[in-house]
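Asker: Keeping their order, the protein sequence lines are chains P and G.
Our numbering applies: residue 1 is where the first sequence begins, and numbers increase by one.
Our numbering applies: residue 1 is where the second sequence begins, and numbers increase by one.
Some hints could be false.
[As the list claims (entries may be wrong)] Label-pair distances were calculated between CB atoms; the ranges are: (1) N294/G to N36/P: 21 to 31 Å; (2) T150/P to N157/G: 23 to 33 Å; (3) N29/G to G110/P: 42 to 52 Å; (4) T150/P to N38/G: 51 to 61 Å; (5) A85/P to N38/G: 36 to 46 Å; (6) E88/P to R397/G: 40 to 50 Å.
[Unchecked claim] Only pairs whose alpha carbons sit at most 25 Å apart, straight line, appear in this in silico SDA-like list of lysine to any residue: (7) K311/G to R72/P; (8) K319/G to S186/P; (9) K39/G to S163/P; (10) K279/G to R211/P; (11) K143/P to P377/G; (12) K143/P to H129/G; (13) K271/G to E126/P; (14) K143/P to E211/G; (15) K412/G to I381/G; (16) K279/G to E126/P; (17) K319/G to S163/P; (18) K442/G to T150/P; (19) K319/G to K271/G; (20) K271/G to T174/P; (21) K319/G to R372/G.
[To be verified] Chain P stretches covered by chain G per the calculated footprint, using a threshold of three residues with CB under 8 Å from any CB of chain G: (22) 54-62; (23) 126-137; (24) 172-183; (25) 210-221.
No lab work stands behind these hints: they were computed from the structure.
All figures in this text were calculated on a predicted structure; none of them were measured in a lab.
Backbone N, C-alpha and C define an ideal beta-carbon position, used for all residues, glycine too.
Chain by chain, the residues:
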Amino acid sequence: MVFAVPCLLALFAAMILMRGLAAAQGTVLYWGSSGNEVSSVQQRLSQWGYYKGPVDGVYGYETFRAVQNFQRNNGLPQDGVVGRATREALGLSSPDNAPAVSRGAVTDRGDTTLLARVIEGEAADESLQGKIAVGAVILNRTKSAAFPRTISGVIFQDHAFESISNGQAYRPLTQQSIQAAQMALSGYDPTGGALFFWNPYKPVSSWIWSRNIVTQIGNHVFAR
Amino acid sequence: MRRWIIPVVIGLLALAAAGSWGYNQRLANRNLENFLNNKYQRAFFDMTAQVQNIEVLLSKSMVAADPRLDSTLLMDIRQQAAFAQSNLGQLPLNDALSGRTAKFLTQVGDYADSLSKQVGKGGSIDAKHWEALNSLYQQSMELNQELQGMQYKVAQNNFYFGELVRQVRKNLQNNPDNLAQSDFQVLDQRMQRYPALIYDGPFSEHLERTEPRDLSGLAEVGPGEAQHKALSFIDGKQGVDYQAAVTGSAEGRIPAYRVEVSPAGGSDSEKYVMDISKKGGKLVWMINSRPVGNQSIDINAARQKALDFLKNSGFGDMKATYFQRHENSATFNFAALQNGVVLYPDLIKVTVALDNGEITGAETSGYLMSHRRRDLPAAGISREQAMAELNQRLQARGGNLVLIPLGSEEEKLAYEFQGRLGEDNYLIYVNALDGREENVLKLIESPDGTLTM
Numbered sequence: 001m002v003f004a005v006p007c008l009l010a011l012f013a014a015m016i017l018m019r020g021l022a023a024a025q026g027t028v029l030y031w032g033s034s035g036n037e038v039s040s041v042q043q044r045l046s047q048w049g050y051y052k053g054p055v056d057g058v059y060g061y062e063t064f065r066a067v068q069n070f071q072r073n074n075g076l077p078q079d080g081v082v083g084r085a086t087r088e089a090l091g092l093s094s095p096d097n098a099p100a101v102s103r104g105a106v107t108d109r110g111d112t113t114l115l116a117r118v119i120e121g122e123a124a125d126e127s128l129q130g131k132i133a134v135g136a137v138i139l140n141r142t143k144s145a146a147f148p149r150t151i152s153g154v155i156f157q158d159h160a161f162e163s164i165s166n167g168q169a170y171r172p173l174t175q176q177s178i179q180a181a182q183m184a185l186s187g188y189d190p191t192g193g194a195l196f197f198w199n200p201y202k203p204v205s206s207w208i209w210s211r212n213i214v215t216q217i218g219n220h221v222f223a224r
Numbered sequence: 001m002r003r004w005i006i007p008v009v010i011g012l013l014a015l016a017a018a019g020s021w022g023y024n025q026r027l028a029n030r031n032l033e034n035f036l037n038n039k040y041q042r043a044f045f046d047m048t049a050q051v052q053n054i055e056v057l058l059s060k061s062m063v064a065a066d067p068r069l070d071s072t073l074l075m076d077i078r079q080q081a082a083f084a085q086s087n088l089g090q091l092p093l094n095d096a097l098s099g100r101t102a103k104f105l106t107q108v109g110d111y112a113d114s115l116s117k118q119v120g121k122g123g124s125i126d127a128k129h130w131e132a133l134n135s136l137y138q139q140s141m142e143l144n145q146e147l148q149g150m151q152y153k154v155a156q157n158n159f160y161f162g163e164l165v166r167q168v169r170k171n172l173q174n175n176p177d178n179l180a181q182s183d184f185q186v187l188d189q190r191m192q193r194y195p196a197l198i199y200d201g202p203f204s205e206h207l208e209r210t211e212p213r214d215l216s217g218l219a220e221v222g223p224g225e226a227q228h229k230a231l232s233f234i235d236g237k238q239g240v241d242y243q244a245a246v247t248g249s250a251e252g253r254i255p256a257y258r259v260e261v262s263p264a265g266g267s268d269s270e271k272y273v274m275d276i277s278k279k280g281g282k283l284v285w286m287i288n289s290r291p292v293g294n295q296s297i298d299i300n301a302a303r304q305k306a307l308d309f310l311k312n313s314g315f316g317d318m319k320a321t322y323f324q325r326h327e328n329s330a331t332f333n334f335a336a337l338q339n340g341v342v343l344y345p346d347l348i349k350v351t352v353a354l355d356n357g358e359i360t361g362a363e364t365s366g367y368l369m370s371h372r373r374r375d376l377p378a379a380g381i382s383r384e385q386a387m388a389e390l391n392q393r394l395q396a397r398g399g400n401l402v403l404i405p406l407g408s409e410e411e412k413l414a415y416e417f418q419g420r421l422g423e424d425n426y427l428i429y430v431n432a433l434d435g436r437e438e439n440v441l442k443l444i445e446s447p448d449g450t451l452t453m
């Protein structure tokens, strides 16, 4: 255990170093180079007072001299070439190798987990269709005008779900709850569009009995 | 003489320890309560400010003449309504206390959204819309007034919401009839008085009363026939005797019999549970919750099983659109076809167990609600013309004719293109009549299936 900490630290350091190496593989700029990267070098050098010429993207004599001066002041070899070390000293990140449009990181995993939590908390002892029904009520609420529009909004609404208020929902998830959440998300709704459910054998507000009851599945009554 | 001193000292020490522990608990409790109260107050004051903004913006939208200004104002209304609703959701109120207010906020935002889209397409705010805006304005004024009154009380009493929480909790458990005492209850009843708001957006009230179109005109079936139908839908094992029994009913959007089908002598987990519509005896949903073993058939074979199931269950020509895997089951999405045009509003989901290809679930309510023979218009522009409308950065292919739902009632004939930009895939829908780009969906591919957003 005592050794694990330095080991982990070393691993982290190695990872950071490797990442740094991977990121800094930019092109090397020298006398005769041209393009946007030269422009950004020129711009940075002129901001810092090394370069007096125009920012034209052409690596000529002026740029060469400016780079040399910069290298001397920063303890770098004065070769007049912008390599990795000089680029880093200039504070220019290497050009982005990533494509212009990167792959997104959108998933529905968060929603599935949240939904599965409430299902586990409210309907752990119900059959699969009883579990899907609880998930469907939450999804129906997101489509109803009277409720928040997101799954998290519905679930964490005050007093909406007992298992969220008392922490019952934060139990380990069972496979069936996750499956029920996935099926509810893919569109299964055994409740016919219900917005409420409750256990008729427990004391509940009489207000809720005034809703239109749709059906009963297992120990839950579903209503609109 | 000294003997009693030790127990007394120990007793005093214990008392002091318990006292300091209790005091610390009390402090921690008060800190937490303060923290919660502050959060509630922030949400409440933010909401009050946003409702005020809505009122002002609504009144402005009634006098603005330039459609561009209208469009900006309407977008602002929509944003403020969304914020206000999010803040309302954070207050310690249950649906009994805040349902109508939340609905009002949603409808204001939704109405502004649908109106701004019309204005964006070159429409203008006519007399009918003006009346609706006016009615919303009157409601927002009343809501605003109520909230101002409450704001005063909240400002006077820092623990207003803490007390409300206690009151709500007590009332819910003991005497529900006292619920009406709360300020929020009064507010909600006031909002209740207003007539239904009818327009094109998804939260318009007339949509809550739609009927299943596919079932219109079909005859009612009795429980006996429903049981008979139920047996025809299941994909049971050969040589096993199945029994069906009506065990209840469902009075949702699609009134139905609840039917359970189980194999003779089989265990409870092999049972199929389903809803059979009272009109026409069609399958509404079916779930079999048996555990599914390891995968032994591939996705294509499973898709074919699902297609066979649809054909045998009396759903006409359907096209598989996408699928999602969960564990060892796969749920396929199907859309109806009419003369080769994909009808995206008419959806059916079928779940296939990948261990033996058995159908373990189906959901047809989307289809039953909206399926009918459509009068499809002839395309006004060609596929090539539609393709020319796309963003030139996209590598596009495809171009089938499809019918897509827009909003909740509206449907548009469109060309469907699959576009690719970098690593990302998109679906783009171009209106087949006027070449307007109607919708862009992003496809998110994961090992479990493809998601559209």
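Asker: Hints first: check each against the structure and report whether it holds.
Answerer: Status of each hint after checking the structure:
1. N294/G to N36/P: 21 to 31 Å: 55 Å, violated
2. T150/P to N157/G: 23 to 33 Å: 31 Å, holds
3. N29/G to G110/P: 42 to 52 Å: 32 Å, violated
4. T150/P to N38/G: 51 to 61 Å: The hint (51 to 61 Å, Cβ to Cβ) is violated, given that T150/P and N38/G are roughly 24 Å apart.
5. A85/P to N38/G: 36 to 46 Å: Hint violated: Cβ distance 51 Å, outside 36 to 46 Å.
6. E88/P to R397/G: 40 to 50 Å: 44 Å, holds
7. K311/G to R72/P: 80 Å, violated
8. K319/G to S186/P: 17 Å, holds
9. K39/G to S163/P: Since the Cα atoms of K39/G and S163/P sit roughly 22 Å apart, the hinted pair holds (cutoff 25 Å).
10. K279/G to R211/P: The given pair, whose Cα atoms are some 24 Å apart, holds under the 25 Å limit.
11. K143/P to P377/G: 30 Å, violated
12. K143/P to H129/G: 24 Å, holds
13. K271/G to E126/P: 14 Å, holds
14. K143/P to E211/G: Measuring from Cα to Cα gives roughly 18 Å; hence the hint holds.
15. K412/G to I381/G: 14 Å, holds
16. K279/G to E126/P: 29 Å, violated
17. K319/G to S163/P: Violated, because 41 Å separates the two Cα atoms, which is more than 25 Å.
18. K442/G to T150/P: 19 Å, holds
19. K319/G to K271/G: With Cα atoms ~29 Å apart, K319/G and K271/G exceed 25 Å; violated.
20. K271/G to T174/P: 21 Å, holds
21. K319/G to R372/G: 16 Å, holds
22. 54-62: violated (count 0)
23. 126-137: With 4 residues in contact (Cβ-Cβ under 8 Å with chain G), the coverage given for the stretch 126-137 of chain P holds.
24. 172-183: holds (count 6)
25. 210-221: holds (count 5)
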